[in-house]
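Trainee: These protein sequence lines are chains S and F, in that order.
Just so you know, we're using the working numbering here: the first sequence kicks off at 1 and counts up by one.
Just so you know, we're using the working numbering here: the second sequence kicks off at 1 and counts up by one.
Simulated from the structure, these hints should not be mistaken for laboratory data.
Take the hints with a grain of salt, since some may be wrong.
[To be verified] Below are the DSS-like pairs computed for lysine-lysine, each with C-alpha atoms no more than 25 Å apart in a straight line:
# : chain 1 : residue 1 : chain 2 : residue 2
1 : F       : K28       : S       : K110
2 : S       : K28       : S       : K54
3 : F       : K43       : S       : K43
4 : F       : K28       : F       : K177
5 : F       : K160      : F       : K177
6 : F       : K49       : F       : K26
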Amino acid sequence: MELYIGGYAQGKLEYVRRQHPEEDVRIKNGFHLWVRELMEEGKDPEAETQRFLKEHPDAIIISDEIGNGIVPTDAFERDYRERLGRILIRIAAEAERVERVICGIGQRIK
Amino acid sequence: MLILIIGGSGSGKSAYAEELLAHSDKEKYYLATMCADDAESRKRIARHKKQREGRGFHTLELPRHVSQAVSLMPNPMQSSVLLECMSNLTANEMFWDGGCSQCSEKELAERIGNDVLALSQNVATLIVVTNNVFEDGVCYEKTTEKYLRVLAQINRRMAKEADRMIEVVVGIPIEGKGTI
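All chains, please: the whole structure from these sequences, using the hints.
Mentor: Set out below in structure tokens:
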């Protein structure tokens with residue numbers, strides 16, 4: 001399993017596709033939005049993530065980094081940032097490779 | 001020794017800072033700045049307390065004037081202190097009871113920075129946790145933008161004075177200055 005993180009529109013998907021040509025089937029793009037949708041539906045994103053990883057042990061996960069801003073006044077937005085952050089920490093701990101992408105350039109941090 | 005740790009919300013910066021403190025061979029102090037005035041703060045404080053349980057940390061609580069912590073420790077020069085966190089301390093110094101949101105940016109940044117550096121000079125090791133709140137591209141109202149500039153000035157000064165600066169991303173420490 002691999003994790004690619006970075007800011008909005010930093011070229012993460014393109015970067016991942018260059019590293020892994022013809023492996024789109026492994027890629028889970030927009031992971032942050034998936035977590036957000038689960039939260040909006042009142043589901044448990046931590047449990048859903050564990051289930052997803054069990055079913056897709058070789059997944060390539062792409063997520064926006066959303067925690068580097070002023071803490072929002074809206075409780076849901078605060079919860080979203082905090083929970084996505086903690087979920088990504090768990091994914092990173094299990095991943096064989098973690099890269100941060102900025103301006104389309106990847107920096108391997110694990 | 002001064003160590004600066006920066007990360008965003010839910011980045012794992014506090015857990016990493018606590019790991020560093022736990023490995024210290026000195027007396028270990030956790031200096032908390034958060035004022036619990038609502039359920040969410042209390043919950044957050046409870047989570048951090050649970051994270052620290054059984055690690056032999058003494059907890060000090062000072063919402064402002066953190067250098068006063070020195071007088072609360074029997075052997076400050078034989079003590080390691082984790083200050084959690086700079087963003088909260090800055091907010092308290094600006095907006096909490098007796099805080100000064102009207103003071104100039106320069107005055108605020110200098111006063112808060114001096115206070116933290118005074119603490120650092122009087123203990124064996126000071127680990128400062130700060131928050132990366134600077135990358136959401138949102139235009140805020142004037143007071144919030146002033147707060148951002150004050151905190152950023154303090155962070156830059158801390159990083160300059162620090163022996164080590166570490167950014168924590170998804171729980172992974174990234175060396176900014178010094179060696180991990």
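Trainee: Check the hint pairing F:K49 with F:K26 against an upper bound of 25 Å on the C-alpha distance.
Mentor: holds (20 Å)
Trainee: Under the criterion that the straight-line Cα-Cα distance not exceed 25 Å, is the pair F:K28, F:K177 satisfied?
Mentor: holds (23 Å)
Trainee: For the pair we were handed, F:K160 and F:K177, check the Cα-Cα distance against 25 Å.
Mentor: Judged against 25 Å, a Cα distance of about 9 Å means the pair holds.
Trainee: Between S:K28 and S:K54, does the CA-CA distance stay at or below 25 Å?
Mentor: holds (14 Å)
Trainee: Hint check: F:K28 vs S:K110, CA-CA at most 25 Å. Holds or violated?
Mentor: violated (30 Å)
Trainee: Is F:K43 close enough to S:K43, meaning Cα to Cα at most 25 Å?
Mentor: Holds, at about 21 Å.
This entry does not satisfy hint 1, going by the numbered hints stated previously; all others are met.
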